[in-house]
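Input sequences plus hints: build the corresponding full structure.
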Amino acid sequence: MATRRHGRVNNDATGTIMAADAQNWPNLIFEKLREFDVRHVTYVPDSGHARLIELCHAANEIKPTVLTTEEEGIGILAGAWLGGERGVLLMQSSGVGNCINTLSLARVCAFPLLMIVTMRGEWGEANPWQVPMGQIAADTLRLAGAIVYEVTDPQAAVATVEAAARIAFNGNLTAAVLLSQRMLGAKLFKD
Amino acid sequence: MDEQSKLLRRSAIARILAERGDTLVVTGLGSPTYDCAAVGDHPLNFYLWGAMGSAVTVGLGLALAQPKRRVLVVTGDGEMLMGLGALATAAAKKPDNLAIAVIDNERYGETGMQPTHTSAGVDLAGIALTCGFRQTATVRQVSELDAAVPMLHTAKGPVLVVLKVSSVRDPLVLPPWDGPFLKSRFRQALLGSQAA
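Residue numbers (our numbering), protein chains in the order written: chain A, 1 to 191; chain B, 1001 to 1196.
Just so you know, these hints were derived from the structure itself, not from any lab. We put the CB at the ideal spot given by N, CA and C, even for glycine. Everything hinted at is true.
Chain B regions said to be covered by chain A (calculated; three or more residues, Cβ under 8 Å): (1) 1057 to 1067; (2) 1077 to 1086; (3) 1089 to 1096; (4) 1181 to 1192.
Structure follows, in structure tokens:
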């Protein structure tokens, strides 16, 4: 199957290539976020989040905020929670490093913080510059106090987001869902 | 400039907060937190004691979640310089109800009064204006507060006022720093006793 321009492709266990956007997991995550009354979607974009971001921009009750750098989302979501509203932070794994010190805000004040991180530099990565941060993203989040869920199967994505959202919002904790390149596919740098 | 017309941080902040009404206040770490505490502790003050660079983003999130309430961020030049991107993010969102006061002594006051970039001429009001803030001002004299104070409280946001103050150190006035306490106290004062 032809790949999309600048798109990601999936390689399943048998080596068959299929388009990632044929899968429904972004829609399911979007519906789950609505179910949890998430009103603020803050993000630095990633192609793995593109569909979810589109859905959020189209939803009346959701306020999307583009960030210049990922740690801004931690502050915005803390402020939104002070004001009585829930949110989520979407980013690529390279953004995890940008967040480290600011994660102390969520931890020291026990703000609920839900993050969905699309992985780079982890599985079949073509760009070596993505590898150093991608390889330490999960450990970095754990060291900063986050509960980390790693998802490799797209069919497990929505249940994992639900588990993370519940523990974050009910427990005033930081929870991160890492979506593997195994389910997103690796960027191939081909036109 | 004669001594009496120079801006002192504590008296400038006292004058601004005297007219706060039901404004929600977020303070940046260091002296701005102490300046606001010196005026008097308040349940609708959220004091940051760390997470440098986050004062504007916390204020922005609060302003977006509470569009009917005025939100005032009080921070310093060093803290603001660490989160300059937040001015672009706030300008892009254009919340009507967000005001930022930067107490600019051109120094990192907590760490030994080392100079910040504002001492070299970096213009925070100019940066905010070119990002797309609706109004900005730089205040150097007490008399200029007559226009700046109402701008912070009532002008359509986002607005930013830089207060160029002397680098004299004031006595420490330390508000609570227990994060969950500050968070829950703020939420209960704003959202009612059921909020925790």
